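Engineer: This is what each chain is made of:
There are 2 protein chains.
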Amino acid sequence: MSMKGKALYTFQSENKEEISIQENEELVIFDDNSVDGWLQGVNSKGQKGLFPASYVEVIRPRSNSNLTDGSISPVGSPRNDSPYLPSAQNAPFLIQQGYYDDDDDDWDDWDDSSTVVDEDGRSGANGHAHPSPHSDNPNVHYRAKPHMERQDSLSSSRKGSMVGRNLNRFSSFVRSGVEAFVLGDVPMNAKIAESYTIEMGPKGPQWKDSPTPFSCSIEDPTKQTKFKGIKTYISYRVTPSHTDRPVYRRYKHFDWLYNRLLHKFTVISVPHLPEKQATGRFEEDFIEKRKRRLILWMDHMTSHPVLSQYEGFEHFLMCADDKQWKLGKRRAEKDEMMGANFMLTFQIPNEHQDLQDVEERVDSFKSFAKKMDDSVMQLTHVASELVRKHLGGFRKEFQRLGNAFQNVSQAFALDPPHCTDALNTAISHTGRTYENIGEMFAEQPKYDLFHMLDKLSLYQGLLANFPDIIHLQKGAFAKVKESQRMSDEGKMDQDEADGVRKRCRTVGFALQAEMNHFHRRREVDFKEMMQAYLKQQIAFYQRVGQQLERTLHMYDNL
Amino acid sequence: MSMKGKALYTFQSENKEEISIQENEELVIFDDNSVDGWLQGVNSKGQKGLFPASYVEVIRPRSNSNLTDGSISPVGSPRNDSPYLPSAQNAPFLIQQGYYDDDDDDWDDWDDSSTVVDEDGRSGANGHAHPSPHSDNPNVHYRAKPHMERQDSLSSSRKGSMVGRNLNRFSSFVRSGVEAFVLGDVPMNAKIAESYTIEMGPKGPQWKDSPTPFSCSIEDPTKQTKFKGIKTYISYRVTPSHTDRPVYRRYKHFDWLYNRLLHKFTVISVPHLPEKQATGRFEEDFIEKRKRRLILWMDHMTSHPVLSQYEGFEHFLMCADDKQWKLGKRRAEKDEMMGANFMLTFQIPNEHQDLQDVEERVDSFKSFAKKMDDSVMQLTHVASELVRKHLGGFRKEFQRLGNAFQNVSQAFALDPPHCTDALNTAISHTGRTYENIGEMFAEQPKYDLFHMLDKLSLYQGLLANFPDIIHLQKGAFAKVKESQRMSDEGKMDQDEADGVRKRCRTVGFALQAEMNHFHRRREVDFKEMMQAYLKQQIAFYQRVGQQLERTLHMYDNL
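Residue numbers (numbering that gives the first Met the number 0), protein chains in the order written: chain Z, 0 to 557; chain W, 0 to 557.
Derived from the structure by calculation, the hints contain no laboratory data.
Computed from a prediction, not measured in an experiment: that's the story for all the values here.
Warning: the hint list may mix true and false statements.
Identical chains share a label here; the pair holds if one copy fits it or two copies do between them.
[Unchecked claim] Simulated crosslink set (DSSO-like; lysine-lysine; CA at most 30 Å straight-line):
1. Lys44 - Lys328
2. Lys534 - Lys388
3. Lys365 - Lys207
4. Lys445 - Lys534
5. Lys47 - Lys230
6. Lys369 - Lys395
7. Lys445 - Lys395
8. Lys47 - Lys490
9. Lys395 - Lys288
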């Protein structure tokens, strides 16, 4: 039964099945039972399509109303088990909390704001929540456009989940919980079952290797549909080497895992997920690209001695049962060893490290990371432009040349008594060869530049994390100095100041271990990247040469 | 002694030593003794430089005047032996006649209008001069800009030398003299010493091979100066194979020869000279390009059974003595066996050819030539654009990639405890390799595309001649039909009509022989062109591949 509705907020359509709606716009709604958080209807421009249920009020005929205020009701999601039938007033809050779409099987790929929520309302990992307005204009909600390369699922999702908090985890030493940890505000929890060891290696502190290293393949992206084809998504076959049993995961599952990682692993540079893409999600090239980048992401996850041992990751890699999946998911979301608490899980070496030396090491790394970030960015630009040239200019030039040769050959065929078939055939073949070479140029990025860009994108993400991680360590240093000064001035017990120093050492060790890990991976990855690129380039120029040689032979014995 | 002057005509400077002057502009002239037809002075804008003496009047102080009208005198050329001291009124005529620069050693490369003149005022080869105004505005003379690819020295020079005639040799069947020949108006000359034989070959009429075939090298373009360095020119060493004695020739000598060829060789497609270039004549690239194209031009000349036997050509190739040179030059310019008369020199086969068949053959060739012209033009455009891409886009892309790699390597060196010198060196080397590859792309056109463009340019010239040559033959056919009709109507003796038909056969045989020659050369030239291009391309891609392979090995054992 269709009914009237009104848009509570402006919504910008991002896929062709969706329609845009403006705040206060009148709508016709076909059925007020939302599917997957979406309603179908017609906007005032007459466009028909989907829009988020929570962005609209349904205006019910008075006689059917079961609400006391009579006429207006926001749309609930009758299919989920949420006990809430939210009122119009707190609907936006609930949207941000993700309640409208709590069933993970109903999540949708696109949804930035529903992927991670803390159901218990904890503001992050440390309980240092500061109430503050969460948005300049709470009445207009544009869905955040995904950041192209440096998206940070946490910051965008937290905007939603932390009501009233600017809780960008990395934006502040205080809010990350590291301050709390350094200051000793985080009590040792008796339940700590996790433990990550930092050991001294030849180049300083390093993560102790995982006792059970493994790898994990991602294969066979397959298009699936649900809700009678209204929504489609891609499922990947994920097979960890140590179980060899595949599980099937969607991007939203990766995104859920990624956001758990961001919450938990303070001072670790969590590899960014491949970019989200609102439109054209199902184009082959995009699927292929996302798959390649998920593989790299997974390689980085499995290679990391800490991340690879995370229980939530294990759950992601192994759980094949729906019910178990939900249980494990909730367990991971209730993990208390996050943020500041996570710092409690480190076993650090006994070696003394002069804090000043550590600071210098970190500064040196910081300069390096900045310059590497710049150079990775530059190489990304150049390689992207080169891809464009391969697909456009290079192809075009060679195809034009090929076409021109063919035209010459056609002209030569026009004066029969004087036309030499063998020569014409050879020239025409030369034309086709160059058309072919044009295609080879256009195809080549698939074999080399795409892979380079994938790896560079991963490193852009890893490098983008470091300024914030380094910032945490800087904050810890400052606390050490401050507490020592206070102790010197008799305003603090020396024991307490020593405690701060000790915990700061932990932060320093962890950061150095992470720097060390980054360097080790960087060397492996860039060596591999350069070799792979050069090999493919050599093969390419050889193929072109071979094509031309075969063509040249056609002129022999003319 | 400097004096005042006034510009008679507008002159546009085309070299940096020259200045532009506007009609009626007041000038300061440093010395009224012109050097090589040029004066030095200052124009009203204060620009100092050279301008043509004949374009200005010198305003002499009355006391110094030796002319009856007292105040104004055009500038003579005191260094040459011309008996004329032209008055202002007929100076333009004299300029066009080239009198102001008759001494060939004083000719200048740039000069379109002085290269060929008929001193005796004969209007071309056939005496069919029609008096008519030679210019729409006789008071403004822009020096003709050289045509870029399809220049026709004759038409531009004849505009000057044939006062009142639109005597584009190819523009009209009548004016070419072929009509006169076909109609029998050209008396057999007792003095005919030349004879060119057309024989029947496997593909129809063909020129009989020269009994004394030879080739000729053009080498070592050398910059020469004269007049205290005011003017510079390039001299080429020209060495015919049958004498093996070098002569030294300038472009203007080639141009003189070329114009003799155009006058004389009706129905033969005389290869165009490489383009003139007003500015930047002495830049290395231009000199190199002109040399390459003069070599191709020369190859075509020596390969042609008729052109290669021309007495004027022999003189050009062999004469090393100044005095002899002038004598031979005048003799060639007085050659009577030109245009229509040249048709008298053919020995044709006895085989009967049905005129209709000939006409069909010619039509077929015409379609072919049109299509070949189009395709050669297209290939020229594509190849030129490809050159531009090689020098610009391709180079830039690869150099940017190289630069980006080097930046990555520099970043990697910044965190000393973790920097792996071998990897950094390898990446940096990869960067240099790609910078190198960029340069290789930029250099490559010298090895392949330039040669292709040279040959295409030659063929553009040869093909551009054919429409006019075919037009002559069409005119001859029409005359045959006309005379046969007149004969049928009793208005003409059958003998006379038969004479027309016979002479038309001569035209047809000559044209077919020329078509045949064109095809034979085309096959040889295009096969060679394609092979040379492919060989250079293969070598290029191999070199790139090899560079990359060497670079790849630097990553071994890292």
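Engineer: Against each hint, give a clear statement of whether it holds in the structure.
Structural biologist: Quick rundown of the hints versus the structure:
1. Proximity of Lys44 and Lys328 under a CA criterion of 30 Å is satisfied in neither setting, with 42 Å inside one chain copy and 86 Å between copies.
2. Taking the shortest alpha-carbon separations for Lys534 and Lys388, both the intra-copy value of 20 Å and the inter-copy value of 25 Å come in at or below 30 Å.
3. Proximity of Lys365 and Lys207 under a CA criterion of 30 Å is satisfied intra-copy only: 23 Å inside one chain copy versus 83 Å between copies.
4. Taking identical chains as interchangeable, the C-alpha atoms of Lys445 and Lys534 lie at most 30 Å apart whether they share a chain (13 Å) or sit on different chains (28 Å).
5. In this assembly of identical chains, the alpha carbons of Lys47 and Lys230 lie at most 30 Å apart only when taken from the same copy (15 Å versus 79 Å across copies).
6. Taking the shortest Cα distances, Lys369 and Lys395 sit within 30 Å of each other only across copies (26 Å), while inside one copy they are farther apart (38 Å).
7. With identical chains, the CA atoms of Lys445 and Lys395 are at most 30 Å apart both within one copy (18 Å) and between copies (22 Å).
8. In the homo-oligomer, the alpha carbons of Lys47 and Lys490 never lie at most 30 Å apart, since the shortest distance is 68 Å inside one protomer and 88 Å across protomers.
9. Taking identical chains as interchangeable, the C-alpha atoms of Lys395 and Lys288 lie at most 30 Å apart whether they share a chain (24 Å) or sit on different chains (27 Å).
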